[in-house]
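**Q** The listed protein sequences correspond, in order, to chains C and S.
For the working numbering, count along the first sequence from 1 and bump the result up by 31.
For the working numbering, count along the second sequence from 1 and bump the result up by 1.
These are computed hints drawn from the structure, not numbers from a lab.
Do not take every clue at face value.
Every beta carbon over 10 Å from chain C, so not counted as near; a handful from chain S, in silico [to be verified]:
#1 ASN135
#2 THR166
#3 GLN213
#4 THR283
#5 ALA287
#6 PRO289
#7 LYS299
#8 LYS310
#9 LEU312
#10 LYS332
Per label pair, the in silico range of CB-to-CB distance [said to hold, decoys possible]:
#11 ILE510/C / GLY173/S: 24 to 30 Å
#12 GLN217/C / CYS25/S: 45 to 51 Å
#13 TRP466/C / PHE199/S: 30 to 36 Å
#14 PHE6/S / TRP466/C: 37 to 43 Å
#15 ALA256/C / LEU175/S: 27 to 33 Å
#16 TRP466/C / HIS22/S: 39 to 45 Å
#17 CYS25/S / LEU483/C: 25 to 31 Å
#18 LEU454/C / ILE18/S: 48 to 54 Å
#19 PHE180/S / VAL136/C: 32 to 38 Å
#20 ARG336/S / GLY471/C: 33 to 39 Å
#21 ARG336/S / LEU515/C: 23 to 29 Å
#22 GLY471/C / ASP184/S: 41 to 47 Å
Values in this document were obtained by computation on a predicted structure and should not be read as measured data.
Don't be surprised by glycine CBs; every beta carbon is placed ideally from N, CA and C.
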Amino acid sequence: MTVTSYRFLLFLLIGAAVYYAAPKRIQWVILLCLSVVYYFLAATPYTILFLILSTVSAYAAGMLMECRYFRGNKTAARWITCITAAAVLINIFVWFLLKGNSFWVRGSSLLHRLFPAFPQLEPLKIVPALGMGYYTAQVIGYILDCYWEICTPQRNILKLFLFVGFFPQLTVGPISKYSELECLYQGHSFDYINITHGSQRILWGLFKKLVISDRLAVIVNGIWADTAFYSGFWPWIAVFVYPLEIYTDFSGCMDIILGGAELFDIRLPENFRNPFFSRTCQEFWQRWHITLGKWARDYVYYPVLKSSLIIRLGKWSKRHFSKRIAKLIPWAAGMWILWFVMGFWHGSSRHIIGVSAYFWTILVLSEICSPGLKKIVGLLKVDTESFSWHFFQSIRTYIIYSFGVVFFTRERLLVALEHVKVLIRTFSCPAWNPWIFFDGSIQSLGVSYGDLNVILLSLVALLVVDVLREKYGYARIWIDRQILPFRWMLYTALLFAVLILGMYGPGFNASEFIYGQF
Amino acid sequence: MKRRFLKFISFMVMTGIIFYHVSCVLGYYDNIHSAAVFSQFYDMPSKTVDAVWIGASSVQEFIIPSVMFEETGITLYSLAVGNEPFMASEFLIRECEREQNPSVYLVDIRQLAYTTQDDTYVRRITDNSKWTVNRMKAIRYMLDNLKFYHPREYDAEIDYIFPFTKYHTRWGDLKPEDFGKDDNCFFGYFIKLNRQSFNETEVRSRFDAIPQEPSEENLKYLNDFLDFCDTLDKKVIFTRTPNCLDEDMFAQYNYMQELIEERGYEVWDLNRDTGEMGLDYTEDFADPMHTNVYGAQKVSKYAAVRLSKELGLPDHRNDSRYACYGTMQAKFLERLGEMESASTQEAGN
Numbered sequence: 032m033t034v035t036s037y038r039f040l041l042f043l044l045i046g047a048a049v050y051y052a053a054p055k056r057i058q059w060v061i062l063l064c065l066s067v068v069y070y071f072l073a074a075t076p077y078t079i080l081f082l083i084l085s086t087v088s089a090y091a092a093g094m095l096m097e098c099r100y101f102r103g104n105k106t107a108a109r110w111i112t113c114i115t116a117a118a119v120l121i122n123i124f125v126w127f128l129l130k131g132n133s134f135w136v137r138g139s140s141l142l143h144r145l146f147p148a149f150p151q152l153e154p155l156k157i158v159p160a161l162g163m164g165y166y167t168a169q170v171i172g173y174i175l176d177c178y179w180e181i182c183t184p185q186r187n188i189l190k191l192f193l194f195v196g197f198f199p200q201l202t203v204g205p206i207s208k209y210s211e212l213e214c215l216y217q218g219h220s221f222d223y224i225n226i227t228h229g230s231q232r233i234l235w236g237l238f239k240k241l242v243i244s245d246r247l248a249v250i251v252n253g254i255w256a257d258t259a260f261y262s263g264f265w266p267w268i269a270v271f272v273y274p275l276e277i278y279t280d281f282s283g284c285m286d287i288i289l290g291g292a293e294l295f296d297i298r299l300p301e302n303f304r305n306p307f308f309s310r311t312c313q314e315f316w317q318r319w320h321i322t323l324g325k326w327a328r329d330y331v332y333y334p335v336l337k338s339s340l341i342i343r344l345g346k347w348s349k350r351h352f353s354k355r356i357a358k359l360i361p362w363a364a365g366m367w368i369l370w371f372v373m374g375f376w377h378g379s380s381r382h383i384i385g386v387s388a389y390f391w392t393i394l395v396l397s398e399i400c401s402p403g404l405k406k407i408v409g410l411l412k413v414d415t416e417s418f419s420w421h422f423f424q425s426i427r428t429y430i431i432y433s434f435g436v437v438f439f440t441r442e443r444l445l446v447a448l449e450h451v452k453v454l455i456r457t458f459s460c461p462a463w464n465p466w467i468f469f470d471g472s473i474q475s476l477g478v479s480y481g482d483l484n485v486i487l488l489s490l491v492a493l494l495v496v497d498v499l500r501e502k503y504g505y506a507r508i509w510i511d512r513q514i515l516p517f518r519w520m521l522y523t524a525l526l527f528a529v530l531i532l533g534m535y536g537p538g539f540n541a542s543e544f545i546y547g548q549f
Numbered sequence: 002m003k004r005r006f007l008k009f010i011s012f013m014v015m016t017g018i019i020f021y022h023v024s025c026v027l028g029y030y031d032n033i034h035s036a037a038v039f040s041q042f043y044d045m046p047s048k049t050v051d052a053v054w055i056g057a058s059s060v061q062e063f064i065i066p067s068v069m070f071e072e073t074g075i076t077l078y079s080l081a082v083g084n085e086p087f088m089a090s091e092f093l094i095r096e097c098e099r100e101q102n103p104s105v106y107l108v109d110i111r112q113l114a115y116t117t118q119d120d121t122y123v124r125r126i127t128d129n130s131k132w133t134v135n136r137m138k139a140i141r142y143m144l145d146n147l148k149f150y151h152p153r154e155y156d157a158e159i160d161y162i163f164p165f166t167k168y169h170t171r172w173g174d175l176k177p178e179d180f181g182k183d184d185n186c187f188f189g190y191f192i193k194l195n196r197q198s199f200n201e202t203e204v205r206s207r208f209d210a211i212p213q214e215p216s217e218e219n220l221k222y223l224n225d226f227l228d229f230c231d232t233l234d235k236k237v238i239f240t241r242t243p244n245c246l247d248e249d250m251f252a253q254y255n256y257m258q259e260l261i262e263e264r265g266y267e268v269w270d271l272n273r274d275t276g277e278m279g280l281d282y283t284e285d286f287a288d289p290m291h292t293n294v295y296g297a298q299k300v301s302k303y304a305a306v307r308l309s310k311e312l313g314l315p316d317h318r319n320d321s322r323y324a325c326y327g328t329m330q331a332k333f334l335e336r337l338g339e340m341e342s343a344s345t346q347e348a349g350n
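So here's chain S without its partners, still in its complex pose (with noise of 0.2 Å):
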């Protein structure tokens, strides 16, 4: 009986192994990285991480940790994939105080004017996260949130909790990517080098419209958050991220800033420091909402001065603790390179 036992523990071993890396290959896929925005988030040396900053695309997008570093030595990571939903925030959090607990924590409220009613980018958080009870913790939070604001019919807790039963289909679909191997993540960024145009004095007429009162579920999303700020022993900054949105937009972000400033809460609007970073409306763009790969430079350079200074986060250039800044560097500026010859010859055909 014993040696029966010993045998079926060991085959139960063996298939738990075999099943963790299949799921691991058969798991959440898009076009936008997010797989590895996490992947390379928890591969992360432990406690190397000063600062984490959580957004959607207006984070992803525009910042490139290893600029950053590069710039002043800062350690932060974007911890940022498109459409992330402003209720995962407090998840987000939680989860980077139990692998990284860094001194600060940015928060951009761009998605606080959009509405999720798409469970896709609940999943491209909760599916690519460690097996914890905060992810448990966090599927019931938006679910919940979903079925109420958005009724419809979602897939089962438990599909959201087990994705694979939900990706298993895409054994015929596998891309390098899946098997750990993405070239085009830069500690969450990726380059985009397209280009559009806007007239600067048209979009920073913009900037002072009169404040709006945003949907009442994402002023929910956002008192919650607040509610939940209070309770964290950690420095919080909300940040706006340049962009050329319509007027309406910058109202109901006006409006939520008021009332982040009346909560006691620093918001950084980089909008109106765009002057400082030296960006430009006519080549820095990629669309309204996102820069292209020369004006994230610009902005993570900013950005990281900036944090250096006010907030006094240490330089960590010399250390070999964090040497992985610096390869990250390197391969994002290889990667560039090799976008941009690709790009000129293209244009030359």
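Only chain C is shown next, with the shape it has when bound in the complex (with noise of 0.2 Å):
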């Protein structure tokens, strides 16, 4: 049951009226329930262990935690610290054993052919549990916040295992805070604008998945299976677009989910706020999976940072070099911790740290080099204040960003490379076609001109949607403040638009959400 399938709606339709028809000091329990079914029917069932094992784990942990026995002393801090510390290990090493496989297969196989005494591993045949790179890092956090006292442990195991398990973040996040979700143990009453909020995002998010992000995944995925045949221009069109697909693709799922949840008066964390409209790769990484940035961030840099090996190379630096560079070495050495971290949470194979490697590079370099360029700009009196200026960066920063992806989703680092050879080829004199932009040849993709039209006129709603988002907020906002006839026929538009321009139905292979592999 994938969240853009009718059968995902009518779950929603009916988890919500029982939810409000329940009295309110149990809806936490009819929440509960819902996310267990939800499991059932969108998952591998038996990986619900999984989900329960971690959950098991942390409320050991905070129990332990709370136990007035591991309080008061010395000792009792050090013992405090082992058993985060284990169930942290507990929850990494199953995720790990699980979701990176290739990566102790491929060491093993290595080790094996050094030392060939050590066992060569087999990859395990046991499913992952559904949403698991998402649950785990929301399990770590709260491990991590109660050991910090940032949260008081949750003493009732369903409760937290509904924190761990609610059911509309399962598929691709966010990676919300305990203190985030607390409001879904408080009771909620029917309120008819969480209901026309809810249903209007969740319209929002599938026209993104389903009119947009489905038609530029046919280019895209087009265009690189046959390289041979599309070459030239044809795989610069696949890195520029790829950027806008996993985009629509990935925040319309945020919004499907978002909604859902707001139908029942839960408020999930915000994942994107228009990272396109982004003047640095920096503020890129702000506005683009906010929640994992933020847990990265919280749980892994400043950690990191506080860290007395940090500490003693920010000294070692201060001695060595300059003011400047002594404050940049031990921030690009926290900044490659996280960085290694974030990849590592998107996979454990090598072209995905590679992308990691590629944006840390991309950062540090921005850094280093920023003071020469602002001098610059400012011996070239280029206003910075102008629009000009503005987009001319936020283009840049896409180019940086498509760059980066064309590594994001290819199976290996040999066909990542491979795909990099084939855009330098395209300045070579046989490849040299840009003709295709004007002929029609796009059609060979399996794209009609009404597709294109679709596309071209969906990407201006898009960008107006998303201006209006960076003005107001929420563009409902705006939306809420118009005449009745006019909002209505804005919702008319938007949901003939998903019924009839989306790609669903018979002779649709409803393609997966890009970020529901983690």
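Got two chains here, each in a separate frame; can you build the complex from them with the hints?
**A** In structure tokens:
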């Protein structure tokens, strides 16, 4: 049951009806039941055991931290640290065991080659749990928050299970903090506004996924599937279209999830804030997959910066380098660990780690070069507040991001490198084919002129909504101010755009969400 | 809250109305006018059809209801589309009972010598039918049979119930017919001018082929349908429209005719009446399976006379309630004239 299926929408509808019909004090039980039912409908049933294991480990850790025996003295503090470490490691181990298959299989193969006595491991044939990367991160966050006494441990294991396995976020997150989801346990009254806003958001998410993303996927996949035929400018089209595909796919799914949760009056944290309006790479990562970024910042980056090793490195840098470089070195080291963890979370394959290394390099280089660039801009008397300068910066960020994600969905590093080679070959004579933009060749990918018009118009609609979002926080704030006929016209147009132009139904293999694999 | 509830209901009603019209436009389409066959049937004034002829192209390309009306004043509808699965017959009769309640049903058995392996032919019926419990039952029955006899992957049942999920992608391919403007469908019939000649003596020699049992699947459909006919309080006549098919096909039809007659039903083998209807094997066939428009007019006139005489169906020619048949006949003749002159011009060029 994917979140774009009518079954999911029906499930939400029935779920919301039952939820509001139930007394407030047991509404969280309804949510728990819905989450379990959803899990059985959407995933391999036995994998719920991994979810239970994570919950039990977090619950046990939280309860032990609360226990009076472990409080009050230095030994007790050490015990609490050990308990926390053990609980975190259990979760990382289970996640790594199931999601890091390729890493440890390849690692064991390498060790086997070096030391023949070392056993060569076979990939596990156990299916990972649904949304494992997301809920594992959430559980680790909860354990550390309890350890740092940011939150009080949950005493009801079923309530904690609801936090871990709240059904809308099991597909692609967001990665919520425990404090952000305490509203799960409160009673909620039926509110017409929540229902309408939730439905509107779901509809907008469906539009992004079914109308835009799945159409763009036809272009991108078609080109990368046959680079021998689609040479020259073709791969460049794929490179620059792919970020739009991944954005509409991931943010579309997030809209469905956030809208779904809103039906129950649950506000999940936002994961996107118009990333393509970013003027720098650093800003981009503050607007893209926000909850993962925040999680990595709070539970990896800050603790690493506070670690004795990095502090010592900072002191050493101060002694040997200028003030600016001395500041940069521990920051770069912390960022390297953060990017490594973020990359590893996405997958243990080398090409994913390559993506992380690429973005880390870009960030470090931009930090190193920024004073020089600022001087140049000053000398050229560029108005840095002008629209054109902002536009140029956004385009630059988009291009940098586009190159980074060339590696992202390729199956192996070699395939990704092959694609880079294809891009470079464009400028050699036989591959020079700019006429493909004008002679209708694009239709050979299975995209008609009608489809291209739909893509262009939809992207204009997306841009308008994102501009409104940038200005008002939510596009709906602007929409709510409009007169009723105009609003109804918008909603009807959106609904029928999804119904008519959406890529669903017989003959379409509903593509999975790109971020669903994590 | 009351105001909001009213607003919600109004929005849903408005959306529902738009959706209904959109789904009518973005519906089933093919080049044999299947959608028009059903929409014209549903548009007929209530209880104005005396007889319904059910079958595949063996009826659709043979029977011109407006010609029959002009001949004897009987009102017959040809509820037939190409490759119409025989297993759909029960559903179609139930649909006719609901809409028109005719006094006689004619059911052609041509399709019983062929197997329906493609769900497109099922969709030709179900996707163009009204949304009723009867339709749901037909979908279930036909899909179950398809899955049993021809196991492969089919669309989910929900996609048959809501065919919009399949046809919504047709937005880039809409034609005037999708907006209800099909000028080439005349109560089920569409004009074919082409000719193919056959040797009448040779064809006639196949009529008495030794009966041969059809496939188990088709036999099941026939028996199921006969069981249904036993429960139906209406006159049901089975037909065999003229054709120039191979001997083994005639052998199967002969077997089925014997079986049907054993169950107490009448079978009109029109192959044996071609002399009486004046059908010319060298001029009136479009291909071995179908007559052209000239052959179809002869078959229609003959059938009209026979239905009037044998079953006493009334003459409605002077009744204004049945004016649509006269109008349709005028349209048919006009279109035939246009096509003939276009064909002559083409031949001249």
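**Q** Now tell me if each hint is right for this structure.
**A** Taking the hints in turn, this is what the structure says about them:
no. : hint                            : in the structure
1   : ASN135                          : holds (23 Å)
2   : THR166                          : violated (4 Å)
3   : GLN213                          : holds (37 Å)
4   : THR283                          : holds (44 Å)
5   : ALA287                          : holds (32 Å)
6   : PRO289                          : holds (33 Å)
7   : LYS299                          : holds (42 Å)
8   : LYS310                          : holds (48 Å)
9   : LEU312                          : holds (43 Å)
10  : LYS332                          : holds (32 Å)
11  : ILE510/C / GLY173/S: 24 to 30 Å : holds (29 Å)
12  : GLN217/C / CYS25/S: 45 to 51 Å  : holds (46 Å)
13  : TRP466/C / PHE199/S: 30 to 36 Å : violated (54 Å)
14  : PHE6/S / TRP466/C: 37 to 43 Å   : violated (58 Å)
15  : ALA256/C / LEU175/S: 27 to 33 Å : holds (31 Å)
16  : TRP466/C / HIS22/S: 39 to 45 Å  : holds (42 Å)
17  : CYS25/S / LEU483/C: 25 to 31 Å  : holds (27 Å)
18  : LEU454/C / ILE18/S: 48 to 54 Å  : holds (51 Å)
19  : PHE180/S / VAL136/C: 32 to 38 Å : violated (59 Å)
20  : ARG336/S / GLY471/C: 33 to 39 Å : holds (37 Å)
21  : ARG336/S / LEU515/C: 23 to 29 Å : violated (48 Å)
22  : GLY471/C / ASP184/S: 41 to 47 Å : violated (33 Å)
This entry does not satisfy hints 2, 13, 14, 19, 21, 22, going by the numbered hints stated previously.
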